[in-house]
Amino acid sequence: MTNNASQTLGILFQLCQSLLVVALAPLLTGWVNQCRAWLQNRSGAGLLQPYRTLRKLFHKDAVLAYNASPLFRITPYILFGCMWLAAAIIPIIAIDLPFSPAADVIALVGVFALARVFISLAAMDIGTAFGSLGARREMLVSFLAEPALLMVFFTSSLISHSTQLPHIVGTFAHHEFVLYPSLAFAGLAFVIVLLAENARIPVDNPSTHLELTMIHEAMILEYSARHLALVEWASNLKLLAYISIGIALFVPYGIAEVGNWGVLPLAIAALLVKLALAGAGLALLEALLAKMRIFRAPEFLGTAFLLAVLGLLIHFLLGA
Amino acid sequence: MDAVGILPLDVLGGVILLWLVLGLFGLVLQNTPHLISSIIFPLGAIAALVVAGTGLWALGAAPSIAVLPLGLPDLPLHLRLDPLAAFFLILLGGASFGVSLFSAGYFRSMAGGMLALLCLEYHLFLASMALILVADDAYMFMVAWESMALSSYFLVTTDHAIPDIRKAGFLYLLVAHVGAISILLCFGVMQGGHGIGAYTFAAMREAHLSPFWSSIAFLLALFGFGAKAGVLPLHVWLPEAYPAAPSPVAALLSGVLLKTAIYGILRITFDLLATQLWWWGVLALALGLITAVFGVMFAAVQGDMKRLLAYSSIENAGLLLVGIGLTVIFHVYGKDALAALSLTAALYHCLNHAFFKSLLFIGTGSILHATGERNMGRLGGLIRKMPWAAALMLVGVLSISGLPPFNGFVSEWLLLQAFLLSPGLPNSYINMLIPVAAAVIALAAALAAYVMVKFYGIIFLGQHREKALEQAHDAGIWERIGLTWLAIVCVVLGLAPVFVVQHLDQVTRMLLGHGLGNAAAGWLFLAPVDIERASYSPVIFLSAVLGVMLMTALGVHRFYHGRLRRGPAWNCGFPVQNARMQDTAEGFGQPIRRIFEPFFRIESELPSAFDTHPRYHGRSDDRIWFALYLPIKSLTEKLSSRASLLQHGRIHLYLTYTFATLVVLLAFV
Chain Z
70 MTNNASQTLG ILFQLCQSLL VVALAPLLTG WVNQCRAWLQ NRSGAGLLQP YRTLRKLFHK
130 DAVLAYNASP LFRITPYILF GCMWLAAAII PIIAIDLPFS PAADVIALVG VFALARVFIS
190 LAAMDIGTAF GSLGARREML VSFLAEPALL MVFFTSSLIS HSTQLPHIVG TFAHHEFVLY
250 PSLAFAGLAF VIVLLAENAR IPVDNPSTHL ELTMIHEAMI LEYSARHLAL VEWASNLKLL
310 AYISIGIALF VPYGIAEVGN WGVLPLAIAA LLVKLALAGA GLALLEALLA KMRIFRAPEF
370 LGTAFLLAVL GLLIHFLLGA
Chain L
6 MDAVGILPLD VLGGVILLWL VLGLFGLVLQ NTPHLISSII FPLGAIAALV VAGTGLWALG
66 AAPSIAVLPL GLPDLPLHLR LDPLAAFFLI LLGGASFGVS LFSAGYFRSM AGGMLALLCL
126 EYHLFLASMA LILVADDAYM FMVAWESMAL SSYFLVTTDH AIPDIRKAGF LYLLVAHVGA
186 ISILLCFGVM QGGHGIGAYT FAAMREAHLS PFWSSIAFLL ALFGFGAKAG VLPLHVWLPE
246 AYPAAPSPVA ALLSGVLLKT AIYGILRITF DLLATQLWWW GVLALALGLI TAVFGVMFAA
306 VQGDMKRLLA YSSIENAGLL LVGIGLTVIF HVYGKDALAA LSLTAALYHC LNHAFFKSLL
366 FIGTGSILHA TGERNMGRLG GLIRKMPWAA ALMLVGVLSI SGLPPFNGFV SEWLLLQAFL
426 LSPGLPNSYI NMLIPVAAAV IALAAALAAY VMVKFYGIIF LGQHREKALE QAHDAGIWER
486 IGLTWLAIVC VVLGLAPVFV VQHLDQVTRM LLGHGLGNAA AGWLFLAPVD IERASYSPVI
546 FLSAVLGVML MTALGVHRFY HGRLRRGPAW NCGFPVQNAR MQDTAEGFGQ PIRRIFEPFF
606 RIESELPSAF DTHPRYHGRS DDRIWFALYL PIKSLTEKLS SRASLLQHGR IHLYLTYTFA
666 TLVVLLAFV
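Taken in sequence, the protein lines are chains Z and L. According to my numbering, the stretch in the first sequence is residues 70 to 389, in order. According to my numbering, the stretch in the second sequence is residues 6 to 674, in order.
Derived by calculation from the structure, the hints in this document are not laboratory data. Since the model is a prediction, treat every value here as computed from it, not as a measurement. It cannot be assumed that every hint is accurate.
Here are the simulated distance ranges between beta carbons [stated by the list, open to error]:
hint : chain 1 : residue 1 : chain 2 : residue 2 : range
1    : L       : L569      : Z       : V332      : 30 to 36 Å
2    : Z       : L358      : L       : K472      : 44 to 50 Å
3    : Z       : L358      : L       : R568      : 54 to 60 Å
4    : Z       : L358      : L       : S114      : 30 to 36 Å
5    : Z       : A345      : L       : L569      : 58 to 64 Å
6    : L       : R568      : Z       : Y120      : 44 to 50 Å
7    : Z       : H243      : L       : R568      : 22 to 28 Å
8    : Z       : L248      : L       : H566      : 52 to 58 Å
9    : L       : H566      : Z       : A345      : 50 to 56 Å
10   : L       : L569      : Z       : Y120      : 51 to 57 Å
11   : L       : L25       : Z       : F364      : 55 to 61 Å
12   : Z       : Y120      : L       : I51       : 56 to 62 Å
Only some residues are given here: those of chain L computed to face chain Z with a beta carbon under 8 Å [what the hints assert, rightly or not]:
hint : residue
13   : L14
14   : V16
15   : G18
16   : G19
17   : W418
18   : A447
19   : C577
20   : P580
21   : Q587
22   : D588
23   : D627
Where chain L lies over chain Z, by a calculated footprint (3+ residues, C-beta under 8 Å) [as the list claims (entries may be wrong)]:
hint : stretch
24   : 126 to 133
25   : 146 to 154
26   : 178 to 191
27   : 206 to 220
28   : 255 to 263
29   : 313 to 322
30   : 336 to 343
Using N, Cα and C, we set each Cβ at its ideal position, and we do this for glycine too.
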């Protein structure tokens with residue numbers, strides 16, 4: 070196959086993945102919620118509930134506070150753009166995505182940080198007590214979660230000698246199954262980061278109605294209609310992106326190589342199974358854990374950070 | 006150009022003279038202050054742009070040398086413009102261009118006599134910084150260094166009627182001079198006792214000191230220049246002097262003066278000293294990490310916007326020192342490509358910090374002008390009154406938080422890449438230290454984002470915390486031009502890293518004898534080592550995010566509707582809401598204060614539930630001040646009161662002292 074043709078195919082794969090993630094993201098959230106409902110002995114709202122919510126929100130008239138600035142209005146779009154980009158460049162169905170070299174793992178952490186800074190600023194824009202409270206807590210949670218995530222990436226980068234996601238995934242996918250002790254620590258740290266960054270129990274509760282305990286929800290209280298829809302969709306994409314990172318780093322098996330159309334259906338099927346398992350696992354974790362006080366969260370995330378650094382040190386000690 | 010016989014150094018000499026002349030002209034024009042602000046400062050700005058251009062020209066040219074027929078007997082003044090100096094000249098010129106333009110608007114309301122003096126000091130300050138960079142002997146260097154210290158002292162104490170500012174100025178002067186003594190001693194060590202002719206840098210390069218004396222020289226340089234940069238524990242003057250200085254001066258102090266200290270460390274460590282030792286790097290790395298975390302932690306709890314930025318400057322000085330330390334370690338162990346990478350990261354960060362910190366500092370000047378308020382607890386909601394300043398400062402805030410696709414991210418990315426590529430050093434302890442150091446850097450960077458969300462959110466967003474803010478006005482036209490220039494450079498440095506890194510190659514080649522080589526894969530991708538290992542493309546990144554944003558916005562409006570209503574904030578249905586319900590600056594920093602409690606010296610006074618006039622008071626102080634500086638101060642006071650026993654003010658007593666001294670000396674000789 071010529072180089073040119075494989076490039077075209079790469080772009081096709083990229084497009085395919087971009088559309089797939091943006092379409093699948095609400096479904097994943099629906100699945101997690103459904104699993105949680107089952108675990109709590111409820112019947113649940115169904116897998117498609119997030120789509121219905123989005124549709125409803127898009128149809129509504131937007132209401133904006135009198136003093137909302139342009140920063141407040143543009144933030145949902147920035148958020149959505151960042152999260153879509155993040156979810157689109159993580160290799161989950163095929164390894165060689167042409168967009169991937171634009172942002173390696175450090176830049177990926179940067180994308181999440183960019184979105185977080187914007188949503189925190191937007192939360193402070195109206196000047197309500199809950200908004201700034203949410204912004205402060207979000208930044209508090211993230212200042213420990215972000216370095217922990219970076220350390221997780223560093224561990225896998227050191228093993229694969231690259232910060233490029235395709236390269237990291239390629240290294241792990243093509244190896245015979247090897248258990249890296251450093252990755253075990255990194256995996257544990259990553260789960261904690263995933264829970265914290267996606268506003269999940271035990272750090273935050275996505276379905277809470279009590280404003281005083283909110284983190285993520287407190288920041289978006291003032292959003293309505295299409296703005297809220299985009300923020301919610303971005304949150305769905307973020308959850309998908311984090312789970313994709315987990316899949317890419319720890320269980321990349323079954324991923325397709327570019328230039329091979331035949332394995333694409335298999336790769337997508339494998340991905341769906343992995344996503345479903347991860348979503349169910351997340352729901353189980355949430356059902357088993359209790360939400361902690363806000364000042365216990367830094368300790369929890371500090372543990373993640375230390376675990377990740379330990380993983381890195383173990384890599385240096387054992388060379389694996 | 007060489008055919009005409011004009012060298013970059015000649016142009017630079019001309020500009021330095023022009024700056025001095027402009028300063029003096031300011032004195033002449035003291036009765037027409039509007040001319041000073043609308044002619045002298047813009048001319049100074051153009052001169053600054055010429056300096057930057059000259060630097061860019063000299064970066065690719067061979068070093069040019071000049072010897073002036075001035076100076077000491079046997080030691081005429083030597084000047085030399087090499088790539089290292091050229092790089093810092095670009096930084097000096099580029100940043101001070103924006104700051105000078107801003108000053109043209111900022112100082113407009115100042116009284117004539119004061120403005121004339123300020124104009125002289127300001128241009129003298131710029132000229133002396135340029136001279137530091139091209140000095141090629143110790144005498145020239147120290148003369149320029151001291152002129153810089155003195156002119157900046159007078160600039161810091163511009164509002165000398167306020168006692169706190171006089172106190173801050175004194176502290177600044179004191180630390181500056183302790184540092185200067187150390188630098189002087191360092192030169193003394195490096196000339197190796199070969200007489201006055203050996204004080205030229207050329208002779209020092211040939212001196213080949215023993216490792217012991219090299220180390221002494223390095224430690225003295227680290228102490229002396231570290232005092233200027235604000236490296237722990239010599240940082241105490243920074244959070245006092247920066248807020249005391251007028252905002253454009255603070256911008257130059259943090260944006261440019263801090264970099265002359267970095268220049269000094271680089272010049273002595275890599276150029277003047279022939280060999281380096283590995284533990285220098287470890288020392289610099291450790292000091293840098295401590296400084297970075299300390300700075301950002303304290304920035305998080307500040308309530309004064311300029312003090313917050315001052316602590317953030319301490320953090321950035323720490324990051325720069327980390328880059329230098331890493332470079333030394335790699336260079337000593339012969340990992341030249343990695344040394345080049347970490348030096349590139351450090352230099353890039355120098356450039357970035359010069360622009361975004363100057364931008365933020367002059368932005369605080371605009372806010373100060375508009376509101377008369379430095380305390381963030383009395384600001385808020387300014388984005389609606391000052392849209393220009395708010396938009397431009399947002400660029401600075403995103404840059405300093407290290408977010409892609411802005412410039413702060415590029416240097417952070419390069420530095421982290423250097424850390425990631427580190428394995429394989431022969432010393433296993435250092436091998437262990439480096440990942441831990443990377444973790445600390447990541448922590449500091451994440452905390453910096455916290456600090457900047459606080460800074461921007463409290464000042465610009467939310468509701469006005471004071472009634473008076475209703476009358477706030479936006480930055481004037483000159484101020485806007487200055488802010489815009491600095492913001493544009495931040496964006497360009499963020500989007501065109503390939504171009505910048507290519508130019509930095511000259512500097513790394515000069516200092517380490519090794520460049521990064523081809524750091525790019527095509528013009529789009531920055532790939533310092535190998536595209537397989539790591540790459541980053543801010544242009545593609547930005548276009549992807551912008552493209553998705555546009556598409557989404559168009560799609561949403563096309564398929565649904567763009568209907569929008571304005572109403573009161575919802576706030577979960579709580580009917581009463583006022584500005585005092587928002588987070589204050591103290592409130593926003595409170596979690597950090599609580600988490601890092603042992604590092605602060607916290608005093609707080611909480612009202613009881615029954616107070617009729619409740620008063621809240623809280624302070625978080627620097628423990629180092631109480632543990633290190635106050636004991637030194639009381640010791641000095643004790644010693645000097647002992648020494649004053651000798652003083653009685655009678656002339657015959659002093660003659661007796663002289664006589665006794667002579668007798669003692671005679672006994673020895």
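So, going through the hints one by one against the coordinates:
For L569(L) paired with V332(Z), a C-beta distance near 47 Å fails the hint of 30 to 36 Å. Remark: the range hint 44 to 50 Å for L358(Z) to K472(L) is upheld by a beta-carbon distance near 47 Å. Here the CB-CB span from L358(Z) to R568(L) is close to 41 Å, at odds with the stated 54 to 60 Å. Under the hint 30 to 36 Å, the C-beta atoms of L358(Z) and S114(L), about 60 Å apart, miss the expected range.
Taking the beta carbon of each, A345(Z) and L569(L) are about 39 Å apart, not inside 58 to 64 Å as hinted. Separation of R568(L) from Y120(Z) is about 22 Å and departs from the stated range, judged on CB atoms against 44 to 50 Å. Restraint check, H243(Z) to R568(L): a C-beta distance of roughly 53 Å breaks the suggested window 22 to 28 Å. The supplied range of 52 to 58 Å is met by L248(Z) and H566(L), whose beta-carbon atoms lie about 55 Å from each other.
The beta-carbon spacing between H566(L) and A345(Z), approximately 36 Å, falls outside the hinted interval of 50 to 56 Å. L569(L) and Y120(Z) have their C-beta atoms about 24 Å apart, which leaves the hinted 51 to 57 Å range violated. Remark: the range hint 55 to 61 Å for L25(L) to F364(Z) is upheld by a beta-carbon distance near 57 Å. The hinted window of 56 to 62 Å between Y120(Z) and I51(L) holds, with their beta carbons roughly 60 Å apart.
Taking 8 Å as the C-beta contact cut-off toward chain Z, the hint placing L14(L) at the interface is violated, the least distance being around 40 Å. Annotation: V16(L) was flagged as interfacial toward chain Z, and the flag is violated, the nearest CB pair being 39 Å apart, outside 8 Å. Taking 8 Å as the C-beta cut-off, the interface hint given for G18(L) is violated, the closest approach to chain Z being about 43 Å. With 8 Å as the threshold, the beta carbon of G19(L) stays out of range of chain Z, its nearest partner Cβ sitting at about 43 Å, so the hint is violated.
Here the hint on W418(L) is kept, as its CB sits about 5 Å from the closest CB of chain Z, short of 8 Å. For A447(L), the interface hint holds, the least distance from its beta-carbon to any beta-carbon of chain Z being 4 Å, beneath 8 Å. Using the Cβ-Cβ criterion of 8 Å, the hint placing C577(L) at the interface with chain Z is satisfied: the shortest such distance is roughly 5 Å. The interface hint given for P580(L) is violated, since its Cβ lies 12 Å from the closest Cβ of chain Z, which is over the 8 Å cut-off.
Checking Q587(L) against chain Z: minimum C-beta separation of about 5 Å stays under 8 Å; hint holds. Residue-level restraint check for D588(L) holds (minimum Cβ-Cβ distance to chain Z is 4 Å; threshold 8 Å). Contact between D627(L) and chain Z, as hinted, is not supported at the beta carbon level, the nearest pair being about 21 Å apart and thus beyond 8 Å. Counting residues of the stretch 126 to 133 of chain Z whose beta carbon lies closer than 8 Å to any beta carbon of chain L gives 6, which meets the minimum of three for the stated coverage.
Interface restraint, the stretch 146 to 154 of chain Z with chain L: holds (7 residues with C-beta to C-beta distance below 8 Å; minimum three). Three residues within the 8 Å Cβ limit are the bar, and the stretch 178 to 191 of chain Z against chain L gives 8, so the coverage statement holds. A count of 10 residues in the stretch 206 to 220 of chain Z with a Cβ less than 8 Å from any Cβ of chain L is obtained; the coverage claim is therefore met, three being the minimum. A count of 0 residues in the stretch 255 to 263 of chain Z with a Cβ less than 8 Å from any Cβ of chain L is obtained; the coverage claim is therefore unmet, three being the minimum.
Proximity of the stretch 313 to 322 of chain Z to chain L, defined as three or more residues with a beta carbon under 8 Å from a beta carbon of that chain, is not established by the 0 residues found. By the rule of at least three residues with a Cβ nearer than 8 Å to a Cβ of chain L, the coverage given for the stretch 336 to 343 of chain Z is violated, with 0 such residues.
Comparing the model with each numbered hint stated earlier shows that hints 1, 3, 4, 5, 6, 7, 9, 10, 13, 14, 15, 16, 20, 23, 28, 29 and 30 do not hold.
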